[in-house]
Amino acid sequence: MKALLTSFVSGTVFALGLGISGMTRPIKVIGFLDFFGNWDPSLALVMIGAIVVYFVAYRCSRKMVSPVLAAEFPVPARSDLDLRLILGAAIFGAGWGLGGFCPGPAITALASGAAPVAVFVLAMAAGIYLHGRFAMIETFKSPSRGTILAPASDA
Amino acid sequence: MHDFTPVASLIGGILIGLSASAMLLLQGKIAGISGIFAGVLRPAMGDTLWKAAFLTGLFSGGLLLRTFLPGAFDFGVARPFGVFAMAGLLVGFGTRLGNGCTSGHGVCGVSRFSARSIVATATFIATGALTVFIINHVLGASL
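The listed protein sequences derive, respectively, from chains L and E. 1 is the number of the first residue of the first sequence in the numbering used here; add one for each residue after it. 1 is the number of the first residue of the second sequence in the numbering used here; add one for each residue after it.
Heads up, a few of these hints could be off.
Stated by the list, open to error - Computed footprint of chain L on chain E; a stretch qualifies when at least three of its residues, placed anywhere within it, have a C-beta under 8 Å from a C-beta of chain L: (1) 20–32; (2) 71–85; (3) 89–97; (4) 123–137.
If you are wondering where the hints come from, they were derived from the structure by calculation, not from laboratory data. Here a beta-carbon is modelled for each residue, glycine too, at the ideal position from N, C-alpha and C.
Sequences and hints are given; from them, build the entire structure.
Okay, here's the thing in structure tokens:
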């Protein structure tokens, strides 16, 4: 119950951070990505603020035996670079620049009731579903490691 | 430069960092939103409830913003529905293929100097910038 409450509160604080920083507005995201136009560096400051805080938290976590409410910290992830990672990030970036939304701000902005956000989130769910289908086909064709679309854990 | 909001953006960024830090230090979870969203769409035993609670929190935060800071939802740009649909499709597919988005790779991964996350973040900023360049400076923002 405590875990669910902290997840809920964390999600709420995350959304407030996105809203206050302007990241729920496509113009702020597109303005940051428009390096050759009227560049708006705001997004860089959002990243810096979040990264500095999380850097400290991550350092603290290395000194703790376990999280306060759970048994263990996430296992350090893989470190190899592969085509999947780069291709996936490239495709995500194209969509991000096209609509000015990434997943967090889109789910937060659903609450505004704006129809384009609902369209975006539904399409995002469809994209996740499509990836699942492709991953299944790829895994079937070549069950060994190194397939482009097979799912793997990260972060 | 226009519309630069350094103070609000820094404060918002710190709140995002605090939220992700609480998830890590209290629950040992990575606040990667694309993964959390996908996890709720394809539920796995025992690892779904916290994700649903987090997403409910995100949406509730959105409701608070709607009441107290409605300007947070001012798009500032116009795009046809089809463009938002295409954008969502690319974001959903791409974040699954690349295992993360702005939160998982951009904040949580970059903070611990993960090579994969740094490469992913540089890549999505580059293709995002390329896309915006094409729209704003080749097509003349006429979508």
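Going down the list of hints, with the structure as the test:
1. Judged by the Cβ-Cβ criterion of 8 Å, the region 20–32 of chain E is covered by chain L as claimed, because 13 of its residues qualify and three suffice.
2. Given as covered by chain L, the region 71–85 of chain E passes the check, having 11 residues with a CB less than 8 Å from a CB of that chain where 3 are the minimum.
3. Coverage of a stretch by a chain is defined here by at least three residues with a beta carbon nearer than 8 Å to that chain's beta carbons; for the region 89–97 of chain E and chain L the count is 9, and the condition holds.
4. Check on the region 123–137 of chain E: 14 of its residues sit with their Cβ under 8 Å from a Cβ of chain L, so the three-residue criterion for coverage holds.
In summary, this structure violates none of the numbered hints.
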